[in-house]
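Engineer: Protein chains in written order, with the working numbering: chain Y, 469 to 581; chain E, 86 to 196.
Just to be clear, a hint being listed does not mean it is correct.
Now the in silico label distances, taken between C-beta atoms and shown as ranges [said to hold, decoys possible]: (1) E:G148 <-> Y:E476: 29 to 35 Å; (2) E:G136 <-> Y:T563: 17 to 23 Å; (3) Y:E473 <-> E:N158: 33 to 39 Å.
Computed list of lysine-lysine pairs in DSS-like fashion (alpha-carbon distance at most 27 Å, straight line) [to be verified]: (4) Y:K525 <-> Y:K537; (5) Y:K510 <-> E:K150; (6) E:K103 <-> E:K142; (7) E:K103 <-> Y:K536.
Because the hints were derived from the structure by calculation, they are not lab data.
In this text the structure is predicted, and so the values were computed from the model without any measurement.
Note that the Cβ used here is the ideal one computed from N, Cα and C, for glycine as well.
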Amino acid sequence: GEKVEQHESTLSVREGDSAVINCTYTDTASSYFPWYKQEAGKSLHFVIDIRSNVDRKQSQRLIVLLDKKAKRFSLHITATQPEDSAIYFCAASRTSGSWQLIFGSGTQLTVMP
Amino acid sequence: EAAVTQSPRNKVAVTGGKVTLSCNQTNNHNNMYWYRQDTGHGLRLIHYSYGAGSTEKGDIPDGYKASRPSQENFSLILELATPSQTSVYFCASGDQGDTQYFGPGTRLLVL
Numbered sequence: 469g470e471k472v473e474q475h476e477s478t479l480s481v482r483e484g485d486s487a488v489i490n491c492t493y494t495d496t497a498s499s500y501f502p503w504y505k506q507e508a509g510k511s512l513h514f515v516i517d518i519r520s521n522v523d524r525k526q527s528q529r530l531i532v533l534l535d536k537k538a539k540r541f542s543l544h545i546t547a548t549q550p551e552d553s554a555i556y557f558c559a560a561s562r563t564s565g566s567w568q569l570i571f572g573s574g575t576q577l578t579v580m581p
Numbered sequence: 086e087a088a089v090t091q092s093p094r095n096k097v098a099v100t101g102g103k104v105t106l107s108c109n110q111t112n113n114h115n116n117m118y119w120y121r122q123d124t125g126h127g128l129r130l131i132h133y134s135y136g137a138g139s140t141e142k143g144d145i146p147d148g149y150k151a152s153r154p155s156q157e158n159f160s161l162i163l164e165l166a167t168p169s170q171t172s173v174y175f176c177a178s179g180d181q182g183d184t185q186y187f188g189p190g191t192r193l194l195v196l
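Chain Y extracted, bound-state conformation (with noise of 0.2 Å):
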């Protein structure tokens, strides 16, 4: 069946560098790849998306790259705070007839001051 594999289960970075955060898919045809943080003990919270009609999308310090060919895509955090420290999940659209979403097993993320 389909998969969202996330490649990283854990991530440290210092403040103020850069994160990114990779995942893989398997259906060609997805065509919607959202991205969720969940802080601890909290639910998930949408933060960013991209479609398949673009490589690349901005929003503040989160940018999301899409590269269908390798069927990959990334999220990358500039500038990044202690409170950006959370799970982050990667999820791509499910193309079985019904709108589904296909989730990554999530990335704990940890900025350190």
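Starting from the known structure of chain Y, arrange chain E on it as the hints suggest.
Structural biologist: Coordinates of chain E only, in the frame set by chain Y:
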């Protein structure tokens, strides 16, 4: 942002008992979803719905039923709870082609 609420927020159940988790959304989204979150697995889809009266099986539907009596409400039912169903359950809603918005989650412990 979409408003999705869940109840209860925490639940302790006994093995073999019946558990009902409720979800309500106030943004008139057609689609609603139930996921469970376990360490190392990310989120896994249990059931989903396209609208009132519809329920569909997700990736891990065994041991769960769902009910969508109205546009706003979507329930997850464990008829005979087992310890393996101990987890955190999230409800989400969204429109076709758009992102999903998540509720606060329900922590379920089955003893």
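Engineer: Of the numbered hints stated previously, which ones are contradicted by the structure, given in increasing order?
Structural biologist: Failing hint: just 7.
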